[in-house]
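So the sequences go chain by chain: A and B.
Our numbering numbers the first residue of the first sequence as 4 and each following residue consecutively.
Our numbering numbers the first residue of the second sequence as 4 and each following residue consecutively.
Copies of the same chain look alike in the list, so a pair counts if it works inside one copy or between any two.
No farther apart than 30 Å at their CA atoms in a straight line, the calculated lysine-lysine pairs in the DSS-like style are these:
no. : residue 1 : residue 2
1   : LYS206    : LYS273
2   : LYS246    : LYS262
3   : LYS154    : LYS83
4   : LYS246    : LYS273
Keep in mind the hints are simulated off the structure, nothing from the lab.
Number of protein chains: 2
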Amino acid sequence: MMKIGIVGLGLIGGSLGLDLTNQGYDVMGVSRQLKTCNLAIEKKIVKDASTDFKILGQTDLIFICTPIAQILPSIEKIIKYLSRETIITDVGSVKGEIVDHATQLWQNFVGSHPMAGTANQGIEAAESHLFDHTSCVITPLPQTSRDAMDKVTTIWRSLGCKVYKTTPEIHDQAVAWISHLPVMISANLINSCVNNDNEEVVKLAKKLASSGFRDTSRVGGGNAELGLMMAQYNREKILSCLKEYQENLTIIIDNIEQKKWPELETILTKTQEERPNFIL
Amino acid sequence: MMKIGIVGLGLIGGSLGLDLTNQGYDVMGVSRQLKTCNLAIEKKIVKDASTDFKILGQTDLIFICTPIAQILPSIEKIIKYLSRETIITDVGSVKGEIVDHATQLWQNFVGSHPMAGTANQGIEAAESHLFDHTSCVITPLPQTSRDAMDKVTTIWRSLGCKVYKTTPEIHDQAVAWISHLPVMISANLINSCVNNDNEEVVKLAKKLASSGFRDTSRVGGGNAELGLMMAQYNREKILSCLKEYQENLTIIIDNIEQKKWPELETILTKTQEERPNFIL
Numbered sequence: 004m005m006k007i008g009i010v011g012l013g014l015i016g017g018s019l020g021l022d023l024t025n026q027g028y029d030v031m032g033v034s035r036q037l038k039t040c041n042l043a044i045e046k047k048i049v050k051d052a053s054t055d056f057k058i059l060g061q062t063d064l065i066f067i068c069t070p071i072a073q074i075l076p077s078i079e080k081i082i083k084y085l086s087r088e089t090i091i092t093d094v095g096s097v098k099g100e101i102v103d104h105a106t107q108l109w110q111n112f113v114g115s116h117p118m119a120g121t122a123n124q125g126i127e128a129a130e131s132h133l134f135d136h137t138s139c140v141i142t143p144l145p146q147t148s149r150d151a152m153d154k155v156t157t158i159w160r161s162l163g164c165k166v167y168k169t170t171p172e173i174h175d176q177a178v179a180w181i182s183h184l185p186v187m188i189s190a191n192l193i194n195s196c197v198n199n200d201n202e203e204v205v206k207l208a209k210k211l212a213s214s215g216f217r218d219t220s221r222v223g224g225g226n227a228e229l230g231l232m233m234a235q236y237n238r239e240k241i242l243s244c245l246k247e248y249q250e251n252l253t254i255i256i257d258n259i260e261q262k263k264w265p266e267l268e269t270i271l272t273k274t275q276e277e278r279p280n281f282i283l
Numbered sequence: 004m005m006k007i008g009i010v011g012l013g014l015i016g017g018s019l020g021l022d023l024t025n026q027g028y029d030v031m032g033v034s035r036q037l038k039t040c041n042l043a044i045e046k047k048i049v050k051d052a053s054t055d056f057k058i059l060g061q062t063d064l065i066f067i068c069t070p071i072a073q074i075l076p077s078i079e080k081i082i083k084y085l086s087r088e089t090i091i092t093d094v095g096s097v098k099g100e101i102v103d104h105a106t107q108l109w110q111n112f113v114g115s116h117p118m119a120g121t122a123n124q125g126i127e128a129a130e131s132h133l134f135d136h137t138s139c140v141i142t143p144l145p146q147t148s149r150d151a152m153d154k155v156t157t158i159w160r161s162l163g164c165k166v167y168k169t170t171p172e173i174h175d176q177a178v179a180w181i182s183h184l185p186v187m188i189s190a191n192l193i194n195s196c197v198n199n200d201n202e203e204v205v206k207l208a209k210k211l212a213s214s215g216f217r218d219t220s221r222v223g224g225g226n227a228e229l230g231l232m233m234a235q236y237n238r239e240k241i242l243s244c245l246k247e248y249q250e251n252l253t254i255i256i257d258n259i260e261q262k263k264w265p266e267l268e269t270i271l272t273k274t275q276e277e278r279p280n281f282i283l
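Between the sequences and the hints, there should be enough to build the whole structure, so can you do that?
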C-alpha cells in the first residue's frame, strides 16, 4: 500500500486525509501549526503529522494542499527528503504559474485541480466524501511521466472524481470563465450597489434584496484573500475574460439605450437556452 | 367580508387566490383562457372565474396580476363594471410606468409589488403561503386615498408580507439594483462564456462549471420574456445601473492590469463585509 503525504491540513488537505486514511493508506500530514497536527491525528485524518517536512521521507505520493502562493516554496522545502520515485501533485486552482516551475523543481510532478469545496475553511471543516461526484482536472506537460500521471488519475478516481486531462493553458482559461470571472462580476455588483449615492435607494435595496441578489452576489461576497489570489495568479486570463465581458455588456447597454428589443431578446433567449449546458 | 377580484391567474394571481380563499374571502378570477378558469375553480383557488370581466362587478378590491404590459389595458377594460369605491392594485415589478397612468384611469388605485416568486409559472405552479415572510412594496402617490392605501396594506400583511411604502421612483431604482441589474450581468456572463471562440475552452468550462457558476448565472438564465420586460419598463433606471456597474468594472480591470493589489483587496474586503447587509 502506498504511503501518502499531505502538506497543508485545511479543508482540502484534511478532507483528502480523511478519505485516504479510510481507504487504508498510511497518511502523513504536515502543517505549520502543531495544534493542527494534533487535531489531524486525533480526528484520524492522518496516521501521523508534524510541523517538520522530514515526516514525508518515506512517502510515495504527496499532495500539496497549501494556498497557491505556498505551493512552490513547499516543494522546494520537501524535495531533499524524498526518493526520486516520489510523485508530487497539488490542488491549486491555477495551473500555468505552478506546473512549469514545479516540474523544473521535481520531475515527478503532476498538476491537479479538484473542483471541490464548501463555504468553510480549515481542518475543522474537513469532511469525508468531499470529492465524491466532483470534477478534477489534471494538467500534465509533454515531459510528464506517464506512470506518475496514471497514479494521480487513479487516486482521484478512487475519491469519486471525474478526471479531465488538459493543458495548464486551457485549464486556466476555462476556470477564468466559470470560476474567477464570476467572482469579479459578482463583487462588482455588491460594490456598485453600495457605492450608489442615493441613501434612500440603498436602504430600500438592502431591505428588498431576495434570492436573485443573494445568488448573484454569493461568490463576490466570499473570501477576499482567495479572490485576490485568483487575480494575481491567473491575471492574464482573468483580464481577457473581463475585457470580453465588458465588451459584451456594452452591447447589452446599447440595445437597451437604442431600444433594440429584438436584439436584446435574442441574447436573453440564448442565455436561457445555454445555461443548462453548464449545469448538469 | 370583502369580495375580491383577481385578473390574471398565473403563479402570483393563483397563489393570491389560494390564500385569500382560505382566509374566507369570496374570490372572483378572470383569465383569458377558459381552461385556466375551470382549473382555478376546481383547485379552490377562486369561488368563481370567467373570461368575462363582468364577473368583477361586485368586487371591493381587485388585484391585477397580469404581465406588466397588460396591467393598464386590463384596468381600462374592467372599470366600466366597477362601483366607484372598488380599489384596484397590481403586482407589477416596475411602478413608475404604471402608477401614474393607472391612477389617471382609476382614482382608487394603489401600486403594489410583492417580492415573491418561484422558478415556475402558470396556475399549476400556484402555492399557498407564497407571500409569507416576503416583502411587499406599495407606492402611493400624494393624491392616493388613505383608505385605499390602508386596505391594500392590511391585506398584504394578512398574507404574511412585510410592507414597505415608498415612491414609484425610489422603488424602481432599488429594484433596478437588486433585481434587474443582476439579471443583465448574469445573462452577460453566460453569453460571454459561450461566445468565446476557443471551442476547447468552452467545452471544458461547461464540464467544470460548479456551484459558483450555477449561482452567478441563475437569474441570467431565467425567463427571457421577463428580462426583456424589465428592460423595457424600467429602461432608464436599468441603464443608469448598468453604466455605473460598467464604470466600476473598469476600476477592477485597471487594478488587475496595473497590479494594484492593495486597491483590489480593499474592494473585495468591502464586498465581503457588505454582502450580509443585503442578505437577512
